[in-house]
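Using the sequences provided together with the hints, build the complete structure.
So the protein sequences, as listed, match chains A and B.
21 is the number of the first residue of the first sequence in this note's numbering; add one for each residue after it.
21 is the number of the first residue of the second sequence in this note's numbering; add one for each residue after it.
Please keep in mind that the hints were generated in silico from the structure rather than gathered at the bench.
All C-beta atoms in this analysis are idealised placements derived from N, C-alpha and C, irrespective of residue type, glycine included.
All clues stand as given, with none of them false.
Just so you have them, the derived chain B footprint on chain A, three or more residues with Cβ under 8 Å: (1) 78-91; (2) 117-124; (3) 127-140; (4) 175-184.
Between beta-carbon pairs, the in silico distance windows are: (5) B/Phe108 to A/Leu141: 32 to 40 Å; (6) A/Arg102 to B/Arg105: 30 to 38 Å; (7) B/Ser113 to A/Ser71: 38 to 46 Å; (8) B/Val200 to A/Ile246: 45 to 53 Å; (9) B/Phe108 to A/Pro210: 42 to 50 Å; (10) B/Glu73 to A/Ser46: 15 to 23 Å; (11) B/Glu152 to A/Arg205: 54 to 62 Å; (12) B/Asn203 to A/Gln243: 51 to 59 Å; (13) A/Pro210 to B/Pro210: 43 to 51 Å; (14) A/Arg205 to B/Asp57: 50 to 58 Å.
One-letter residues, chain by chain:
2 protein chains.
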Amino acid sequence: MDDCLLTVNDAVADLAQDRGRLGRSSTAERVADILRDRISEGFFEPGQRLSEEAISEALGVSRNTLREAFRLLGHERLLDHRLNRGVFVRILSAEDVADLYRVRRVLEGAAVRRAPSQRALELIAEAVADGERAAAADDWRAVGTANIRFHQALVTANQSPRLDEAMRQLLAELRLVFHVMANPRDFHEPFVARNRLLLGLLRDGRLEEAATFLDGYLDEAEQLLIRAYEPNR
Amino acid sequence: MDDCLLTVNDAVADLAQDRGRLGRSSTAERVADILRDRISEGFFEPGQRLSEEAISEALGVSRNTLREAFRLLGHERLLDHRLNRGVFVRILSAEDVADLYRVRRVLEGAAVRRAPSQRALELIAEAVADGERAAAADDWRAVGTANIRFHQALVTANQSPRLDEAMRQLLAELRLVFHVMANPRDFHEPFVARNRLLLGLLRDGRLEEAATFLDGYLDEAEQLLIRAYEPNR
DNA sequence: AACGTAAGGATCGTTGAACAATTCGACAAG
DNA sequence: CTTGTCGAATTGTTCAACGATCCTTACGTT
Numbered sequence: 021m022d023d024c025l026l027t028v029n030d031a032v033a034d035l036a037q038d039r040g041r042l043g044r045s046s047t048a049e050r051v052a053d054i055l056r057d058r059i060s061e062g063f064f065e066p067g068q069r070l071s072e073e074a075i076s077e078a079l080g081v082s083r084n085t086l087r088e089a090f091r092l093l094g095h096e097r098l099l100d101h102r103l104n105r106g107v108f109v110r111i112l113s114a115e116d117v118a119d120l121y122r123v124r125r126v127l128e129g130a131a132v133r134r135a136p137s138q139r140a141l142e143l144i145a146e147a148v149a150d151g152e153r154a155a156a157a158d159d160w161r162a163v164g165t166a167n168i169r170f171h172q173a174l175v176t177a178n179q180s181p182r183l184d185e186a187m188r189q190l191l192a193e194l195r196l197v198f199h200v201m202a203n204p205r206d207f208h209e210p211f212v213a214r215n216r217l218l219l220g221l222l223r224d225g226r227l228e229e230a231a232t233f234l235d236g237y238l239d240e241a242e243q244l245l246i247r248a249y250e251p252n253r
Numbered sequence: 021m022d023d024c025l026l027t028v029n030d031a032v033a034d035l036a037q038d039r040g041r042l043g044r045s046s047t048a049e050r051v052a053d054i055l056r057d058r059i060s061e062g063f064f065e066p067g068q069r070l071s072e073e074a075i076s077e078a079l080g081v082s083r084n085t086l087r088e089a090f091r092l093l094g095h096e097r098l099l100d101h102r103l104n105r106g107v108f109v110r111i112l113s114a115e116d117v118a119d120l121y122r123v124r125r126v127l128e129g130a131a132v133r134r135a136p137s138q139r140a141l142e143l144i145a146e147a148v149a150d151g152e153r154a155a156a157a158d159d160w161r162a163v164g165t166a167n168i169r170f171h172q173a174l175v176t177a178n179q180s181p182r183l184d185e186a187m188r189q190l191l192a193e194l195r196l197v198f199h200v201m202a203n204p205r206d207f208h209e210p211f212v213a214r215n216r217l218l219l220g221l222l223r224d225g226r227l228e229e230a231a232t233f234l235d236g237y238l239d240e241a242e243q244l245l246i247r248a249y250e251p252n253r
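Next comes the structure, spelled out in structure tokens:
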């Protein structure tokens with residue numbers, strides 16, 4: 021009887037993980053989810069104005085609800101809210117991109133310098149493998165998302181929910197500018213092998229080497245991005 | 021005539037700096053400012069429910085506008101928004117506090133490992149001096165705010181607007197729990213001298229020493245806070 | 001005593017309409 | 001070419017209303 025209770029308790033404890041999904045469904049948040057997806061897939065282009073009337077009608081929600089969704093995305097820096105002028109899909113300046121990479125160096129650098137947990141290593145390894153598979157299949161869009169998962173997984177080594185969340189937001193913001201890459205292959209290909217290499221360094225516990233390697237990695241990614249981006253401002 | 025035009029253009033260019041102040045005043049944001057202040061000064065206590073009806077009436081704004089303000093503060097993690105139940109002043113768990121200090125170690129640690137700019141050193145030195153003055157005057161509340169300014173200034177060494185903003189939010193969140201300290205002196209006093217010490221290490225360029233010193237510093241602050249906090253959960 | 005159900009009240013979620021405030025472009029006057 | 005002025009379009013904000021959800025209380029069942 022005792023062990024029976026124990027397993028029940030264990031099952032109940034597992035359930036607690038799903039608690040997050042419970043409350044999470046107001047109309048405004050669902051609208052925000054939709055818009056976030058549309059923005060990160062490039063359906064809405066940076067600089068484009070999002071009309072309250074048009075979108076509220078298209079989605080079948082009231083203007084007030086839509087405005088709540090706009091607020092949410094504004095706080096995620098995906099939308100630019102200009103008073104009395106409306107909301108616009110954010111346009112990142114070159115300075116913004118530089119700042120995003122500064123933050124990445126801090127977040128990912130700190131993660132790499134920590135001994136990553138077994139669980140973190142698994143997540144990282146998965147992302148590496150996915151990227152390699154996608155590259156072999158010439159699916160460079162998939163390589164991009166695998167790459168994002170790779171860096172997100174890196175940050176989980178910090179064991180901090182808040183840093184995970186910050187990284188999620190940061191990557192969403194970066195997606196705003198990924199679309200300027202005319203040829204995604206040129207941007208993603210160089211990093212497939214490096215991800216594998218970095219994973220190796222982490223597994224071997226060569227953390228300082230991993231950190232310097234990562235710095236160079238991020239420097240180059242930033243350069244590539246800025247070069248492709250700067251011209252059309 | 022040419023140089024006349026030049027100076028006019030220069031003056032106009034300077035004006036562009038103030039552009040930020042223009043759009044920054046919707047009613048919802050001003051309401052959010054008020055509530056944020058009230059929360060961080062402890063007027064609203066953690067766990068307290070903020071009634072839409074009562075507050076919208078008290079502030080003379082509509083429920084819709086107030087809800088927009090609530091969303092803003094929810095995103096800053098100062099309010100807890102539970103669907104169909106209302107918004108509550110956030111209650112930080114001990115795990116939250118631990119996470120906040122994890123983030124601080126990353127943000128402040130990265131800042132310290134960088135050679136801080138002259139400007140950053142000045143800001144840090146000012147905060148140190150303010151803290152010492154306030155301590156001499158037995159004004160422990162002022163010591164607390166000076167201490168916050170000290171750590172905020174530390175992070176500016178990262179030269180990243182986004183990290184500055186993240187630190188601002190983090191400290192606002194931490195203020196939610198500072199109020200549990202019955203005796204602010206016990207909490208702030210030990211750190212006045214350490215701030216001075218850390219400043220010295222930074223000035224001398226002994227960055228690695230500064231980093232390890234800071235880690236110990238944050239460990240102890242976290243311990244003090246958790247010990248005072250854990251009992252009354 | 002523990003649990004399921006039901007009813008009522010309070011509060012939130014969302015809507016639709018309305019009006020004021022603001023922006024923006026066009027066009028005329030200097 | 002610059003400077004007013006006007007009007008259309010859009011946003012900012014308010015208000016009232018109704019359905020949905022949650023909490024409490026009470027009641028009855030097992």
